[in-house]
Amino acid sequence: MSTTQRNAVTVSGAASGRPMLFAHGYGCDQNMWRLVTPAFADTHRIVLFDHVGNGRSDLSAYRDSRHGTLAGYAEDILEIVEEHDLRDVVFVGHSVAAMIGVLAAIREPDRFAGIVMVGPSPRYIDDEADGYVGGFARSDIEEMLESLDSNYLGWSSAMAPVIMGNPERPELGEELTNSFCRTDPAIARKFAQVTFLSDNRADLPNLRVPSLILQCSDDVIAPTVVGEYVHKNTRESTFMALNATGHCPNLSAPEETVDAIKSWL
Amino acid sequence: MTDHWVSFSRRGTAELVHLKGEIDLANANDIGRAIVARTTGADAVVIDLTAVSFLDSAGVRLLDFIVGDLDDRRKPVRLVVGEHGAARMTLQLCSFRSDLLATDLDRAAEELDR
Amino acid sequence: MSESGGPDVTQELRLPWDDDPEDLYEHAPCGYLTTLPDGTIVRVNETFLTWTGYARTDLIGHKRFRDLLTPGDQIFHETHYAPLLTMQGEVHEIALDVVRADRSRVPTLVNAVLESGPNGTPRIIRTMIFNATERRRYERELLGSRRAAESSEQRVRVLQQIVADLAAAPTEAEVAEAVIRAPEPAFQAASSSIFLVDPERDELVAVSSTDPTTGNWDDMPRSSTRAVAEVARRGDLHVIATVAEAEEHFPDLAESMRRSERKTVVLLPLTTGPAEEHGAVAVLGVLAFSFREERVLTDGELRVIRLLGQQAGQALDRARLYDEGRRREDRSSFLARTTRALDEQHRLLQRARRLVERVVPEIADWALVRLQVGPAGLVEYHGGPAPDPELLDARVAEAVETCAPVYAGDGDGLDCTVLPLTVRGRVIGTLALRMAPDRRGAGADRLFLVDLADRAALALENARLYEQERAIARTLQRSLLAADVPGADSRFALETHYQAAAQDLEVGGDWYDAFLITANKLAVVVGDVVGRGIDAATTMGQLRSAIRALATAENGPARLLEGLDRFCERVESARMATVVYAEIDLLSGELAYATAGHLPLLLHEPAGPPQYLMQARSAPLGSRAGDRRRVEDRIRLTGGSRLLLYTDGLIERRGRGLDRGFEILAREFSRLRDAPLKGLTAGLADILVGRDHGDDVCMLCLSLGTEERLERSIGADPVQISRLRADMRGWMAGHGIDPDCLNAVLLASSEAVANAIEHGYRDDPFGMVDVSATISADAVEVRVSDHGAWRGPGADLARGRGLQLIYESMDEVSFDQGEGTTVTMRRHRGAR
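Chains as they are written, first to last, in the UniProt record's numbering: chain A, 1 to 265; chain B, 1 to 114; chain C, 1 to 832.
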């Protein structure tokens with residue numbers, strides 16, 4: 001299966017420009033970047049995609065074995081890079097995608113020119129053993145999974161037909177094309193587990209590619225202390241604190257996000 | 001009909017005569033004619049007797065004639081015989097000149113070719 | 001209530017109270033929140049405050065909507081709710097739990113609209129919150145049953161697949177692989193491991209795990225106190241729901257649960273046998289799977305899990321039977337192949353070598369066979385690495401002493417099983433096998449090894465006996481063949497040759513013999529007894545003696561064969577032996593011969609080509625079906641004739657027809673006509689069969705008429721001289737005349753005959769020249785006579801050279817002229 005189909009890859013912008021590969025984080029899809037990418041379209045080749053199980057990706061490509069770890073998602077990214085023959089890539093990853101990008105760049109550093117991490121966290125759960133603060137207790141994550149379940153009914157009633165690619169009712173797909181952040185509930189749950197239960201702290205020192213850490217203020221998902229941890233443990237990293245609040249500066253403060261990335265580039 | 005006993009080749013200017021088998025009264029004359037036909041115009045002649053298993057006086061007579069002819073024309077000739085064997089024995093018994101005898105075909109041919 | 005706390009609603013124009021929008025806002029049946037785009041609350045209604053117990057001042061400007069949510073919902077808010085709202089401008093019916101001031105929670109459903117200013121930038125968010133305690137409870141139940149239905153459906157699907165996989169899994173390992181894949185998709189387990197019972201070693205073997213970092217991943221005795229062993233013993237499904245529960249019952253499990261962050265563990269015995277008869281079940285293994293959360297398993301799930309245990313147990317049972325059957329088949333096939341391979345080698349050393357080469361690597365990594373033969377014993381080994389020699393010696397000694405196998409044990413530092421090789425209760429040696437631990441141990445394997453040792457012992461003992469018999473037979477044969485054949489008789493010479501087959505076959509029954517029946521009658525024999533080995537050698541000796549006894553001056557060949565036929569009546573093993581028998585009258589040169597089913601004599605007379613004597617043929621000795629009318633034939637041989645007797649090994653050769661064999665033999669025999677007799681037979685064998693021959697070769701060559709006198713009469717034709725020379729050459733060679741002398745005599749004789757033709761018969765083309773030659777102990781004498789009219793010596797200068805040659809080459813020359821001319825020439829033998 002081509003990665004284009006599997007990951008709903010879209011390529012736009014300056015065909016001869018340096019490629020920027022934007023990766024959405026947990027909970028959304030490539031629409032996340034719609035306020036950011038236009039600023040780079042004149043100078044860069046813009047490559048967007050959806051992680052398997054999200055957006056318009058091919059749900060049938062989801063494999064428990066492969067997508068049970070972030071490394072599997074990193075594998076997907078390397079295949080996209082390979083298939084589209086992307087070189088000198090600037091990878092922009094939001095939230096968990098920042099770590100996925102780190103894993104990919106560790107595997108094949110020659111492909112990547114730089115990694116932009118928007119709200120990264122190598123581990124969301126506190127680790128009392130070595131004093132690491134991730135921001136959450138394990139029980140919080142379980143609660144969150146419950147919350148997912150609570151919204152399962154509502155979500156599935158509204159979106160499941162589209163998400164499941166109901167072949168008998170293609171008009172549903174058309175009708176809801178503009179719905180954002182579609183996620184298969186079962187996959188969403190697994191992706192959440194992978195995302196919030198991963199621990200990639202040991203991987204950070206292995207990153208050989210320059211990186212930019214964009215840290216929002218008042219981000220409950222990735223608190224400043226976590227961003228600083230990433231900065232401290234990643235060589236050749238630049239740390240920028242944004243005025244934007246929350247976890248999604250790409251949506252809430254696209255200009256500031258764009259400016260930060262441009263200044264680093 | 002003498003092909004069975006005699007064959008010829010050339011080495012430089014020297015005519016090489018190869019004899020083989022038994023040479024006796026029965027075939028000496030025919031062999032002699034075949035050889036003379038080939039050597040009358042030759043500048044040098046080497047007669048290889050190493051494969052001759054018997055040589056009688058008729059054969060000796062034949063060789064004597066050829067050597068005499070070449071000597072008259074002042075052309076060099078050598079008779080190559082093995083260290084042992086019937087041909088050497090007969091020639092020695094007939095006291096052939098030792099300068100005529102050689103044991104190595106190649107060396108004899110080389111000497112004459114100089 | 002207002003922000004200031006005072007009643008400000010009355011300041012407006014009074015409208016019907018229930019139409020008052022402000023009142024409606026404040027006391028609407030749902031909570032209202034107005035927030036900035038970043039979530040900061042700027043307005044809130046009374047209803048919300050009532051539900052949540054917050055004071056207005058706690059919220060306005062101080063809290064974001066997010067802050068009122070549970071931590072889990074905060075994540076959901078940040079990852080789903082907020083992005084969706086930003087992108088769609090609204091969200092509907094999002095289920096969130098709001099945390100009250102007293103930390104209790106209100107389940108709600110939330111709708112929100114994002115309002116943007118004229119330039120499109122987000123300005124405020126209006127949020128409507130419904131208390132959904134009842135509905136959410138209902139929904140939760142609905143969700144629960146839906147998820148249960150879905151997961152049950154998935155479980156069934158997964159289990160169907162597993163059952164199908166199990167049915168198709170022919171080996172234990174494949175069954176284990178199929179079973180271990182079940183718990184994760186079927187019950188959302190975090191990981192699973194499988195242990196199989198090894199009844200031979202009385203152990204539970206850790207076979208496979210989807211996450212080997214969890215748990216204690218060692219094999220354990222079945223009597224172990226560990227939870228897995230305990231469950232295997234009990235044969236019941238155990239669900240350890242909490243760490244605390246594990247703590248109480250299985251401390252080892254609690255430890256690994258804590259380490260791998262597992263909250264619930266299921267230990268499922270894999271059983272076979274009728275489920276209803278409790279206690280009759282056999283436990284073949286244990287499937288362990290665990291959950292990160294505390295997992296409560298429903299009755300339905302437990303039923304399914306038990307079913308899985310039974311299905312897996314039955315599949316294991318089937319696979320074990322299948323494995324066992326295949327292993328048994330493999331073993332018996334190995335034994336059969338090994339026995340066959342050993343049979344291919346007859347010699348002891350080669351057989352021992354083959355044994356260790358068969359055993360390594362198929363069943364062992366290193367093998368050593370020791371046999372108690374000869375003074376030093378025999379040792380053959382193969383493979384590696386070799387074990388410690390001292391330890392091995394001790395174990396070998398033990399096996400020999402107890403006459404029982406000593407099996408390798410774990411951690412005995414030797415890894416070697418030593419099997420005594422026993423035949424008829426006697427230990428003839430040992431076979432030591434070094435096997436990796438996973439290749440040994442099972443009881444069935446032990447039986448197999450004993451079986452192997454028994455077969456090997458028998459094969460080696462047979463080879464040893466063969467070796468012994470072979471040595472005896474060889475000795476016997478040599479002693480018989482080496483018995484003196486007559487020699488030192490100038491009237492004939494004999495040359496014999498016996499060549500054993502190149503392959504290590506047993507001794508054959510070929511033989512030759514030659515003896516004088518009377519002072520002037522020589523008998524020569526070559527024969528071939530059916531079969532090989534010591535029996536053939538014995539029979540050969542008996543036949544040989546019988547022939548010597550039957551050969552009398554009166555009997556002759558045919559009657560001798562009749563006598564042998566009678567002999568066969570008594571000595572059954574002589575039946576169908578083939579013989580060629582010939583008697584030569586040394587005075588007259590008459591040959592009388594007869595063949596009984598044997599290959600024809602080959603005769604080469606001094607003149608002409610060799611010929612096979614095809615007369616006087618009859619069936620093999622004692623033949624019942626063949627023509628046993630024994631006949632003989634007689635021919636007169638000229639001096640210098642050679643007669644060859646031989647066995648079929650000489651001319652039979654794979655890939656060559658018998659006709660071709662006869663042809664080559666005749667050609668080569670002829671070619672060697674002038675070669676000395678000595679070495680002639682060996683030379684023929686070399687040419688015809690070479691070194692790599694598959695059969696024994698036995699030959700006898702008689703060179704006859706090494707008569708003192710050679711007499712020829714030839715016509716007055718120069719062409720005849722060369723034929724005379726050929727005869728004389730052979731004759732002299734047969735007498736062992738040295739080449740110098742031989743050449744000189746040939747030259748002188750030729751010259752003398754040439755003189756006779758040229759001078760004696762110058763005018764008589766039909767004249768005859770008589771040549772007679774004799775060899776004495778010290779000289780060769782030749783006399784050449786013609787009946788022509790000589791002109792006398794010196795009459796012709798050219799012929800003078802011929803005379804000169806006669807004088808030069810001979811020691812004594814005399815001319816006698818009377819009725820014709822006779823030249824008598826004499827030359828001493830030996831170097832001049």
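These are calculated hints, taken from the structure and not from any lab test.
Please read these numbers as outputs of a predicted model, since none were measured by experiment.
Certain hints may be false.
[Said to hold, decoys possible] Estimated spans, in silico, between C-beta atoms of each pair: (1) A:A15 to C:Y138: 48 to 56 Å; (2) A:Q5 to C:R328: 46 to 54 Å; (3) A:P109 to C:A173: 34 to 42 Å.
Each residue gets a CB set at the ideal place from its N, CA and C atoms; glycine is no exception.
Now the hints, each set against the structure:
1. Hint check: A15 of chain A to Y138 of chain C, Cβ distance near 54 Å, so the stated range 48 to 56 Å holds.
2. Take Q5 of chain A and R328 of chain C: their Cβ atoms lie about 52 Å apart, and the range 46 to 54 Å holds.
3. The supplied range of 34 to 42 Å is met by P109 of chain A and A173 of chain C, whose beta-carbon atoms lie about 39 Å from each other.
The structure fails none of the hints (numbered hints given earlier).
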